[in-house]
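S.K.: Okay, here's what each chain looks like letter by letter:
There are 2 protein chains.
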Amino acid sequence: MFTKETYIQRRAQLKKLVGSGLVILLGNNDAPKNYPANVYKFRQDSSFLYYIGLQRESLAAVIDIDNDQEYLLGNEIDIDDIVWFGYVPSIKEYAESVGIAHSAPSADLKKLVDAAKAKRQEIHFLPPYRYEHNILLADLLGFHPLEAREKASVKLIKAVVQMRSIKSAEEVEKIERALEIGYKMHTTAMKACRSGVTEQYIAGLLEGVANSYGSTSFPTILSMHGEIQHGYPSTRPLEEGRLMLCDAGAETNSNYCSDNTRVTPISGKFTQRQLEIYQIVEACHDLVIEKAKPGMKWLDMHLDVARLMTDMLKDVGLMKGNTEDAVQAGAHAMFFPHGLGHMMGMDVHDMEGLGQNYVGFDDEVQPSTQFGLNCLRCGRRLQPGFVMTDEPGIYFIPHLIDLWRSEGRHKKFINYDLLETYKDFGGIRLEDDILITETGNRVLGKQIIPYHPKELEEFINE
Amino acid sequence: MFTKETYIQRRAQLKKLVGSGLVILLGNNDAPKNYPANVYKFRQDSSFLYYIGLQRESLAAVIDIDNDQEYLLGNEIDIDDIVWFGYVPSIKEYAESVGIAHSAPSADLKKLVDAAKAKRQEIHFLPPYRYEHNILLADLLGFHPLEAREKASVKLIKAVVQMRSIKSAEEVEKIERALEIGYKMHTTAMKACRSGVTEQYIAGLLEGVANSYGSTSFPTILSMHGEIQHGYPSTRPLEEGRLMLCDAGAETNSNYCSDNTRVTPISGKFTQRQLEIYQIVEACHDLVIEKAKPGMKWLDMHLDVARLMTDMLKDVGLMKGNTEDAVQAGAHAMFFPHGLGHMMGMDVHDMEGLGQNYVGFDDEVQPSTQFGLNCLRCGRRLQPGFVMTDEPGIYFIPHLIDLWRSEGRHKKFINYDLLETYKDFGGIRLEDDILITETGNRVLGKQIIPYHPKELEEFINE
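Line by line, the protein sequences give chains A and C. Going by the working numbering, the first sequence runs without a break in its numbering and finishes at 462. Going by the working numbering, the second sequence runs without a break in its numbering and finishes at 462.
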């Protein structure tokens, strides 16, 4: 948590940016897993945390901009709650702790909204992603529950994105704390990586580390099938000669995230063929650290990486033809079908739930529809205070190879005969998190998880 | 997964029990955590698993009893899904793998339901606990989304409860596999328990073990404040002289559960005062193993335990008066405010989402409204094949002590002056899982986590 003043200031700025109307910020409820009372680990909504800072479930906040009033809504606990879940402060105490003047029971949300409707105030809410919120908003505002996301307030979304995009020094500190946990997670997985051990076993070790200090920021990707972008750990034992791709992140108890990817040779040493591909990804990863700076379009950074990758894949013989034309046509997306990176903060894909187009794009840079490029989660110009992931990758996806080959797609740029022999390769991605500074960028984290091939081999074999 | 024949047989029996109409079984979707695409670990619905056996998300099954037809509904994947999540079989292949003749896209659910409505077939569904299912059912059947639980089919609920209550030998085997993981989890936590280490750190270790072989069956309870029934791990360091209560369970990859509770002295040795209370709980725990058998009401077992506990608390001086009267009045619930145990299977509180009254009670035994007894999750007569948890506990809950004392509640039976000195004690619960056999019961698990005080102390200090 930050100081009370931080939350007061943030809400004041939000009010200024939105200008008028009534803002509803819904905190999350417990999320049922396999029956109502068996719930997943509670995760507060990130925007609610940013403006209200409270970790208790089933709260809501209302900011009446026109009348300059703030309300915290929630229900008090009774003796049964104390017996089962322990004592927690009253709603009034919670409200005071973050500088909110009024507190009321949850049911009063309807009264506040009805009063605002009667006064024809504009009502702002963010796009919901928990369906009980869809139902609640539908009941309050009179639309079908599944329309709630499209009815969300663009003005509010834009204000939140503007504020949350720029990380304060205190926020960066928390992200670096997440990276510290992430370092332990990844190095534990890398050291435990050996043939015969299951993917799930290694993922468990790494998730145990995360949970000992916080939690994971997203479902662990850990697989010999690194070519599957979100390849969740299976019960398959790791096999000699293959690569283990691990994309995992920590979340601190205050919900700031890390996100890293490393690739470990299961035999303890890269083969020549693996090394050739690995070094291309390494060069692409390092190019971002060398070049990313304020004012640069992230789309251009992505395309610079695509060009370097294409050049180097030509050296290996997997691509051919004119590099600029290949990238223009999107041929490199056979190998690199996703975006170079995304914003990171309290959400690991920061603010993705508010709508990618508002977070990663603007009037100047619009999303593309080209395969691969359409997965870019950010395209707009970088600003100091942005935290971005830097995560190029090269994948050999048998179904995609077969599909494109059968269509003759990009055959001017792709050497399908050689590519055929890589179908058992898997995939490589390297990922670190960078802060855009006034002059360039800084790789976040006190310790960088080893990734230069020699250093990595030494580390896992030491 | 079980054999195709198992699922076919289970559905055949379900059809017989329900008799007529159209049964809708909704499989679970991915559950969003902090934005739509960042999801919690997928958990299939247990009844869907029981009858359909498929682990893929966003499926539904329809059983038209009147026309003896079965349908699996789901959407096929495309190349983007393959790139991001890997290849999965077609809906038709999934259907065939579990003996379902028809497959169709998800949108066809509406057609099937509309056709059934036109033919005035009764439509059966189970109470939903994921709100997108509330919305779906509301749209299909024409009620408010929040009415969906009360509109569920009692006939279907009763049929499912009747079947899932009796565990087959194969199911018991899977529960024992969960207990094997649970043994590793608990012994890891007990061995790591020492002052200065945080509760969260130990919980992380234990959850890591769970995730290495499956997952946890419910949110880990791990706390020095054992008196909070669901005391989640905090970042407090463990303190010399206190007790660590750990209530945690494993879930296998096929979603069968374990549930155990152990209490470890943080200093490595129980104090005399702790031992006195511990031995009461131990005796209560062992009484169940000695006595539970088919035909006995679980409510009576609970009350037998309450009587023994009251007798022994009188020996310590914390209770007084006539034991029978004290238990009748519910005075023991000051110390033991919850039920003795619950059914366990694919849900750790098995089938709780279908409605406790249908699962744990019947015409003969109805739920109580008395404080403590109202938390009993099961009261009815035991049958061979039931799996129950055996989990008595004694707690010293400062807020409850203050409340009851101020009301003069049960002052004939409770020695409040002595009780006052126990406010810093915490709580003790011991929990194992038993199978009701033809003649009595069997404690499940190949290895029993040490709990007899001497054995436990030796184990953690070895």
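Heads up, a few of these hints could be off.
Simulated coverage check for chain C against chain A, where a stretch passes if three residues somewhere in it have a Cβ under 8 Å from a Cβ of chain A [what the hints assert, rightly or not]: (1) 9-17; (2) 29-37; (3) 98-110; (4) 237-247; (5) 270-284; (6) 413-424.
Partner residues are not named here, just some residues of chain A that face chain C (Cβ under 8 Å, in silico) [said to hold, decoys possible]: (7) A37; (8) A203; (9) V209; (10) N461.
It is worth saying that the hints were derived from the structure and are not from the lab. Bear in mind the structure is a predicted one, so any value in this text is a computation, not a measurement. Glycine is no exception: its CB is placed at the ideal position from the N, C-alpha and C atoms.
S.K.: Look at each hint and say if it fits the structure.
M.R.: Hint-by-hint comparison with the structure:
1. 9-17: violated (count 0)
2. 29-37: Per the Cβ count (7), the hint holds.
3. 98-110: Three-residue rule not met by the stretch 98-110 of chain C, so violated; n is 0.
4. 237-247: Result for this restraint: violated, n = 0.
5. 270-284: Result for this restraint: violated, n = 0.
6. 413-424: violated (count 0)
7. A37: Holds. Min distance 6 Å.
8. A203: Holds. Min distance 6 Å.
9. V209: With a minimum Cβ separation of about 7 Å from chain C (threshold 8 Å), the hint on V209/A holds.
10. N461: At about 23 Å, which exceeds the 8 Å cut-off, the nearest Cβ of chain C leaves the hint on N461/A violated.
Going down the numbered hints, you'll see the structure goes against 1, 3, 4, 5, 6, 10, while the others check out.
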